[in-house]
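Student: Sequence:
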Amino acid sequence: MHITDDHIAHFERNGFFLVPNPLDLGDQRFVDSRQRDVEPEWKQTTFPDGFNRGACQFLMVGEPLFSMVEQPGILAAARRLLGHEDIHVGAVGLGDASKAVSADGRPQRQVHWHADGCPDVQQVSLRTALDRHDTSNAPLRVLPGTQHRSRDEMITELMQIELASGTHDIAPEYCFARHPHEVEVVLDPRWTLVWTPSCWHATGVKTAAGPRRAMAWNYYPPGGRTRDVEALKHLIPDWEDWPEARRRLWGLL
19 MHITDDHIAH FERNGFFLVP NPLDLGDQRF VDSRQRDVEP EWKQTTFPDG
69 FNRGACQFLM VGEPLFSMVE QPGILAAARR LLGHEDIHVG AVGLGDASKA
119 VSADGRPQRQ VHWHADGCPD VQQVSLRTAL DRHDTSNAPL RVLPGTQHRS
169 RDEMITELMQ IELASGTHDI APEYCFARHP HEVEVVLDPR WTLVWTPSCW
219 HATGVKTAAG PRRAMAWNYY PPGGRTRDVE ALKHLIPDWE DWPEARRRLW
269 GLL
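This note's numbering applies: residue 19 is where the sequence shown begins, and numbers increase by one.
Hints were generated in silico from the structure; no laboratory data involved. Positions of the beta carbon are idealized from the N, C-alpha and C atoms, including for glycine. One or more of the hints may lead you astray.
Per label pair, the in silico range of CB-to-CB distance [what the hints assert, rightly or not]: (1) G44 with D24: 25 to 31 Å; (2) H20 with Y192: 37 to 43 Å; (3) S168 with T63: 26 to 32 Å; (4) F65 with T153: 32 to 38 Å; (5) C136 with Q178: 19 to 25 Å; (6) P137 with E191: 19 to 25 Å; (7) W257 with E30: 31 to 37 Å; (8) A182 with P261: 53 to 59 Å; (9) L43 with H20: 35 to 41 Å.
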């Protein structure tokens with residue numbers, strides 16, 4: 019995966035950029051097929067408390083996805099963006115996240131405005147769709163540059179925009195209203211989003227039938243997140259036999 023100085027500048031300023039999918043068509047089709055194969059077993063499996071279910075689905079696919087995460091070109095790009103040679107994988111995910119978020123009883127399949135991190139959190143995430151996430155299929159909505167803004171400031175701003183919609187009797191728990199500066203990312207399997215989830219983001223409403231699947235993984239510098247280490251140990255019993263460099267890359271050392 020080749021990135022330029024312009025990509026890096028755009029990432030630092032806005033928190034994201036898009037590049038052609040670094041996976042070849044054969045790899046993309048293979049992951050699509052494996053995801054469909056794994057999903058029925060994944061649905062029936064009860065994982066230990068604290069495990070992220072999307073991460074568990076990713077880990078159940080195993081080596082085909084691990085080898086993608088470990089591609090030298092992708093690792094080199096992540097190191098440039100993070101400014102660190104020593105990086106590790108701290109979070110992964112696979113599947114249709116819109117199903118999980120709607121399980122709390124909200125009236126629509128839509129993710130509210132939030133950030134997975136703060137201005138002090140360095141992270142680079144690669145997100146590739148397995149299905150087209152167009153306007154009817156809950157596209158990702160990103161607020162460029164908000165990875166640099168405080169949580170309190172963003173919550174206040176988003177709440178005021180939400181109240182300005184005129185649809186609430188009292189202040190709501192979650193904010194969904196359109197922001198005048200948001201970018202709607204129609205993610206297509208031909209392209210990969212490289213971004214920081216510390217940038218505030220939401221999704222549109224899912225009204226289309228069919229799946230909204232994606233695969234994603236996040237790289238961190240030393241001291242960064244290691245959310246899925248215990249899930250990896252649970253689902254990959256031979257992890258202790260991995261070479262030291264691989265264990266280090268996956269946050270196991």
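Student: Please go over all the hints and tell whether each is borne out by the structure.
Tutor: Taking the hints in turn, this is what the structure says about them:
1. Taking the beta carbon of each, G44 and D24 are about 30 Å apart, inside 25 to 31 Å as hinted.
2. Between H20 and Y192 the C-beta distance comes to about 38 Å, which sits within the given range of 37 to 43 Å.
3. Restraint check, S168 to T63: a C-beta distance of roughly 39 Å breaks the suggested window 26 to 32 Å.
4. Distance hint check: the CB atoms of F65 and T153 are about 33 Å apart, consistent with the given range 32 to 38 Å.
5. Taken as a hint, the range 19 to 25 Å holds for the pair C136 and Q178, whose Cβ atoms sit roughly 21 Å apart.
6. Range check, P137 to E191: about 24 Å between beta-carbon atoms, so the 19 to 25 Å window is met.
7. Judged by the Cβ atoms, the range 31 to 37 Å given for W257 and E30 holds: they are separated by roughly 34 Å.
8. Checked against the given bound of 53 to 59 Å, the beta carbons of A182 and P261, roughly 55 Å apart, stay inside it.
9. Here the CB-CB span from L43 to H20 is close to 18 Å, at odds with the stated 35 to 41 Å.
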